[in-house]
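> In case you want the letters, here they are:
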Amino acid sequence: MGTDGGERGRRSAPVTTSSDGAGPPHTGSDGAGPRHTGPITGLDGAGPHTGPDGVGPHTGLDGAGPHTGSDGQGPRTGSDGVGPRTGSDALIQAVLDGVPSQTAWYTPIRDQAGAIVDFEIRAAAPQAKDVYGRAGKELVGLRTVASYPAVAGSPLWEGYLRAMETGGPEEIARYVHVDTVEGVPHRSSFTVKATRVAGGLLASWVRDDDEQRLFARLAHTERLGHLGWGYWNMETGDIEWSHQMYAIHGRDPDDGPLDLRGYAAITHAEDQPVLHHALATITNAAGPHEFEIRVYVGDALRHLRIVGEAGRDGSGQAVEVHGVAQDVTEWRYAHDQLAQTRRRLEEELRLTAELQHIIMPVQESLIHLPGLRVGVRYDAAQTALLGGDWYQAMPLSGDQALLAVGDVAGSGLPAASAMAKLRHAITGLAFADHDPDRILGALNRLLRAVRPDVLATAVVGRFDRRDRTLTFTHAGHPPMLLVRGSTVHRVLHPGVLLGVFDDASYTHAGIRLEPDDLLVMYTDGLIERPGRDLYEGLDILAATIAEVMRSGPPDRLSAVMEALVPSNTSDDTCILVAHVTPNVQEST
Amino acid sequence: MSDLYVSTDAAQFAAERRGAVGLVTLKGTLDYTVRLTFEDFLDQAFTRCGPDLVIDLLDLDLLDSRSTGLLVNCWKRSVEAGGWLALAAVQRSAARVLWITGLAARIPVYPTVEEALAAAPATGG
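The listed protein sequences correspond, in order, to chains A and B. Convert by adding 37 to the 1-based position in the first sequence; the result is the number in our numbering. Convert by adding 13 to the 1-based position in the second sequence; the result is the number in our numbering.
It should be emphasised that the hints constitute simulated quantities derived from the structure, not laboratory data. Take the hints with a grain of salt, since some may be wrong.
Unchecked claim - Label-pair restraints from in silico Cβ distances: (1) A:Gly287 with B:Asp56: 34 to 44 Å; (2) A:Val311 with B:Ala23: 49 to 59 Å; (3) A:Val399 with B:Ala23: 26 to 36 Å; (4) B:Pro64 with A:Asp490: 48 to 58 Å; (5) A:Asp490 with B:Ala33: 45 to 55 Å.
As the list claims (entries may be wrong) - A few chain A residues that don't get close to chain B, going by computed Cβ distances all over 12 Å: (6) Tyr300; (7) His514; (8) Leu550; (9) Ile564.
Bear in mind the structure is a predicted one, so any value in this text is a computation, not a measurement. We put the beta carbon where it would ideally sit given N, CA and C, even for glycine.
Let's have the full structure, built from the sequences with the hints guiding it.
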């Protein structure tokens, strides 16, 4: 402390002395003065006017203190109280041009008795700005009391006079200036520093509300963004934390910031490597580095995302670290919850798909039935994995096979369970050697009895390879397509929907298929789409298939399967394509 | 004057009383995109007009399979409530699905609204 005080004393003494030593004699010594006179006295002595003439305009300025009243300064002030523009003005202006702060240099205006009555701005830094928004050189020529009457007699004015008397520096903190502009009082607060320089007054000011606004904005940003700011000087070990940085860490600012060891102590054990790796990266690699760690704030674990960047000296050595920390605990929590929910939904989807597969297995490979190769495909609706569409393709005997496709209205578990009932029932009924019309009649009664809430459609066919006949019936279901060569025929033997009428009965029809014929059964999801009904869709589908067939594909079955793309992803779709095996005929 | 009128971008539904019978007029495109609106409308029409209904499909541009299902449900509901339901439709139209699904053979279908209304059973009997 003693050393500090002594040094400060030594530093200020020459300033005072040189200023106090107003009058011709001191100008010479100023110029030759010791280095410690500092920049302020340096200004004094730096001008060309400090030459041998010594009594030039410069001394007039220099000797402007009140104590010089008797040293013949009075007359110099002239009638307007201020001397002509001098070399000092230009010099100081040149200096101020390079000063990045609100600074101006004034000369005092004295009355006949030598008392200061006003100040006139003779030089101003570009950033200097008054309460009216005038800036830089616009300020030159303005007089304090004349232009800002409220200053007269104020603490600012007293401070100016004191600075002129003692040489300063004087600090006038939070000077509140009230000015009435067009009848409206404007209040602004400044902190001003004033020093006597070159016989004039060098004043620099900061508008407190600017600073306050900046502080407030920063504080809001930090608070709203859960952001804290920290600084670590690696050479001195100095650490600085913003207010929000303390808040994020639940720490009392009076306890000071945590150093690296303290910080590691609150970091979750699993994240220690992350912290140390981050520190190494920040100090060794250029640019910012971002990392996320968990720290204990009291008993609670908070997730912090931290971005740090090192400041380097000329050799590239990291000397300081700036960091911004964001508390992302809530975000991380929501993120984890979402991920958990997503995993659970995926699991549910997987189970649903499995359930669908158990109820109705769909195989990728072809199904080989007597006299037929059959491809099947099931496309679930985008909105519901469990649907009501189904197929059945199975051998009934050495020569016969059952082919069926159906659609239970609706989706989800109710539709799927009705679908499972129908699918199991049709299997049993087919093995009981029933024809399609009797099968559908039985299915209708089944639905009316156990699921009267359900509407369903189906097409059921029974193929006999001995004569290649297909016996079939539709129950409210769209037509089959028969592809012979490259011609597509609609095949329909209509019957009423399932599940509507208690006394519904059906008849069957028969067609003889040719080798290499293709038979396409499907549900409405294949051809319906908004604004387009089944029959328009069917025409388009038939045209597509015909085109594919005209190209003479080597494998007609897979060519058709590929051409069948569901038109409506909001509905499930089931497709069955049977290919009459060309080389198997009239076999045993 | 319609008692009930619902309009979407693609379809218009109206219901009004014609004596003892409710006349339901469906126009435009009846596909699954308006399914919920249509279902809700039929529910309201039923509540306001009772189970004796004529449903006019003559100005329909499109009737998809799900909407057909809703019409069938409406018919089932009417019959279960002891009512009577007829359709005004022609075979070569958007309502052809009624013939293809065999419904036209089961639910009374008339070529004009007037004939359908005239066929309504006497009320209060």
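> Hint by hint, note whether the structure agrees.
Here is how each hint holds up against the structure:
Distance hint for Gly287 of chain A and Asp56 of chain B: a CB-CB separation of about 58 Å, inconsistent with the stated range 34 to 44 Å. A C-beta distance of roughly 57 Å is found between Val311 of chain A and Ala23 of chain B, which places it inside the suggested range of 49 to 59 Å. Checked against the given bound of 26 to 36 Å, the beta carbons of Val399 of chain A and Ala23 of chain B, roughly 34 Å apart, stay inside it. Remark: the range hint 48 to 58 Å for Pro64 of chain B to Asp490 of chain A is contradicted by a beta-carbon distance near 19 Å.
A hinted range of 45 to 55 Å for the beta carbons of Asp490 of chain A and Ala33 of chain B is inconsistent with their spacing of about 29 Å. Tyr300 of chain A, annotated as away from the interface, keeps every beta carbon of chain B farther than 12 Å; the closest lies near 58 Å. Non-interface call for His514 of chain A relative to chain B: violated, since the shortest CB-CB distance, roughly 8 Å, does not exceed 12 Å. A cut-off of 12 Å between C-beta atoms confirms that Leu550 of chain A is not in contact with chain B; the least separation is 23 Å.
With a least beta-carbon separation of about 10 Å from chain B, Ile564 of chain A fails to lie farther than 12 Å from that chain, contradicting its non-interface assignment.
In the structure shown, a violation is registered for the earlier hints numbered 1, 4, 5, 7 and 9, in ascending order.
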